[in-house]
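> Heads up: the sequence shown begins at 2 in this note's numbering, then just goes up one per residue.
Hints listed in this document are in silico derivations from the structure and should not be mistaken for laboratory results. Be aware that one or more of the hints could be misleading.
Heads up, simulated DSSO-like pairs for lysine-lysine below, C-alpha to C-alpha not over 27 Å straight-line [claimed, not checked]:
id, residue 1, residue 2
1, Lys8, Lys62
2, Lys40, Lys8
3, Lys8, Lys54
4, Lys5, Lys40
5, Lys5, Lys62
6, Lys5, Lys54
7, Lys54, Lys40
8, Lys40, Lys62
As the structure is a computational prediction, the values presented were derived from the model and not from experiment.
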Amino acid sequence: MLMKFLKGSATGSAVQAWAEAIESRDDVGLEPGSQEILKQTLFELANPDLTRKLTPILAQKLIDDLRL
C-alpha cells in the first residue's frame, strides 16, 4: 500500500482507511519476528492525527524500516 501511495495510485486517505481496517482485525496474522514494527507502522498509518501525516518521504522511510 505504501508503494501504491508513492506511485500515486493511492491517496493518503486510502492508506489510512486500509491501515484502520487491518489494525482493528484480530484475524490478520503478522509475521513472527516483525510483529512489533508492523503494529507500530499500522498504528502510525491509521492515526495520522496522533502521529504524522503521510508524505512521500515518510512512506519511503516506513518502507525502508520494514525492510530491515
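> Output the numbers, in ascending order, of every earlier hint that fails for this structure.
Of the numbered hints given earlier, the structure breaks none, since each of them holds.
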